[in-house]
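Let's have the full structure, built from the sequences with the hints guiding it.
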Amino acid sequence: MNWVPRRPRVFRGIGASWGVTLGRVFLLDRGVVREPHYDVDATQVATEQARMQAAIDLSVAQLHGARNSVVAGGDVGPLSILEAHEMMLRDPSWVAEVQGRIAKERINAEWALSLVTQRLRQALESTDDPYLRERGGDVGFLAERVLRNLAGGHAELRLLLPDATAAAPCVVVARNLSPVDAALLGRYQVAAFVTELGGKTSHVAIMARSLEVPAVVAARGVFEAAGNDDAIVIDGGEGSVVLRPSPDQLARGARRAAAHARRTREVLAAKALPAQTRDGRTLTLLGNVEQPGEVETILGRGGEGIGLYRTEFMFTDRTQMPTAEDHYQDVKGMLARLDGRPLTVRTLDLGGDKLLGPLAYATESNPALGLRAIRFCLHHREVFRAQVAGLLRAAVHGNLRIMLPMISGVDELREVRAFFAEVAAELQQSGVAHRADVPLGIMVEIPSAALCAADLAAECAFFSVGTNDLLQYLLAVDRGNERVAHMYRPLHPAALRLLVSVVRAAEAAGIPLSVCGEMAGDVELVPILLGMGVRALSMQASSLPHVKRRVRGLQYDACVALLQRACACVTPQEVEREVKEFLAAVDQEGAAVLQAAAGR
Amino acid sequence: MASACKKARIGNDLGLHLRAAGALVQRACAFTAEITLCHGRLEANAKSIMSVLSLAAAKGVELEICAVGDDADAAAAALQQLIEAGFVA
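For the protein sequence lines, the chains are W and G, in the order given. Just so we're aligned: the first sequence equals residues 56 to 655 in this note's numbering. Just so we're aligned: the second sequence equals residues 19 to 107 in this note's numbering.
Please keep in mind that the hints were generated in silico from the structure rather than gathered at the bench. There is no bait here: all hints are sound.
If we take Cβ atoms under 10 Å as the criterion, some of the chain W residues that face chain G in the derived model are: (1) I136; (2) D183; (3) G191.
Built from N, CA and C at the ideal position, the CB exists for glycine as well.
Dropping the structure here:
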């Protein structure tokens, strides 16, 4: 046993899951796996191959067992990862390659396994993509499991975690955790995770975030330095780990843990409170959904309705084009779930390549600028007719608004309006119950529409600003292209000025406006949007409590002043600096208010 | 013997990740055709998850799908659709 200095040690890693915890170390040691390499003669080949097959079969059975225990525990998150691992182990061509190496090179099972997995790991770990790089680790975990089974030892970590009722919370410290470990640990009361390896997308990070416990990964050296039961402070926000903290470090950790706990409570408590600034300006917070089943999640997180229902799954999840009846039933069901709360449905926002199959379409060299969304619908009216008819019929059942994607100008809007009137007339003629006057609005996501916002506002019922596409088209940047992704800047002066002009156009025409792109769910950008005069934000469920909390800490007039300063800037960097300083001041002020409240 | 080749660009953020590769292999196994995925000079057997993973294909990569066999056309088209739909079946 190495002598461990009993003094405090601080480690820096990557904060993979938010939160601060004080606890006791629980070391999870996988130990070292034996990996003997030796030559075999022709008579032993069959024996080695049989050992290999037995070890693989046993490994598959173990993964299967872990999967079942996860299912029994009611947590299905990691299931598909475990399934994929099972598939990898069962992969016939991979197994054949290992078996082939044993026969051809006359080597033992362990050696053949490590040669084959090494090549695969190298391929994955040499990519630039961080997610795929970490998948090299998946291959490593599988190889390790098979190796342990070849050696006849225990493939599972022995999980003798301290009792959940023990005095100090248990912080698991490990070199690395496999998805199986992560899935099994998820069922214990682990207060935090620290690993030496891994990244933000490793399984332990994903699991910690889903359990909402802090995690720090890539904290090099921590495993060697820690001893069981050592006191430990982990901060998943800043990515720090303090082993055997001094009284000062402990006090700081306790303060931060208390602040974190308070914040979590506030975020959850804010669910029922209005999204109102300190000086009384109220915002409407709505959710973006892709499937009807997400409605409950949005409402559970404090959303007041659905600001963007993407209907694409209606088209991609089936072999035949949906009928008017399909659309009607789908939206009617959504309206029933929402019980009077608003629902904004976006009509089909896909291109023909995804819908009619690749055979029907010549591939477009530039799909982002091609025949998609409303352009596609106007070109394939039979597809659009079914959706419009279904929506007009469903509208009698609740608070429905219809939103058109990718409108480029007034001509297109008029064409769609005429088509809506045509469909309504047909419904009228056949005596089908419907609502012809459903509010019809547009997504403002093409710069031409933003520049003609005043004209468009005169002829539609509402605007929803799709910031993702608007920024992409405005700045001519594809965020998926890593060579230019850094140029995608929501705080570019051009973006600010254009957004302000759109908001003003909506105000002048007296129509409601909401923002439904990623900007709406970004707590750092909320003050700028608020300052512009935006009154409604639509975002993914997980952002709702955080945005609400941010809104409740802001002063509307200060946001207006911030926007004025930002609009005077000439570079994105200047705007970003203004916003950063503003947020720092807000947070400081917030802390002072809390302290004053605590002192009273 | 019929053959077919199609191209597909990987659009989902995580690239050809574990579950995506699993979904692709499952789909490929439904056809009798031999299916090869090409990424630059790398080639993979579409019916082997280890082989597919070894392509290490990230978001934005264009894959060529080459199928040989009686149902080659349908196989290549089905995989192209799956990849372009972001691996949601």
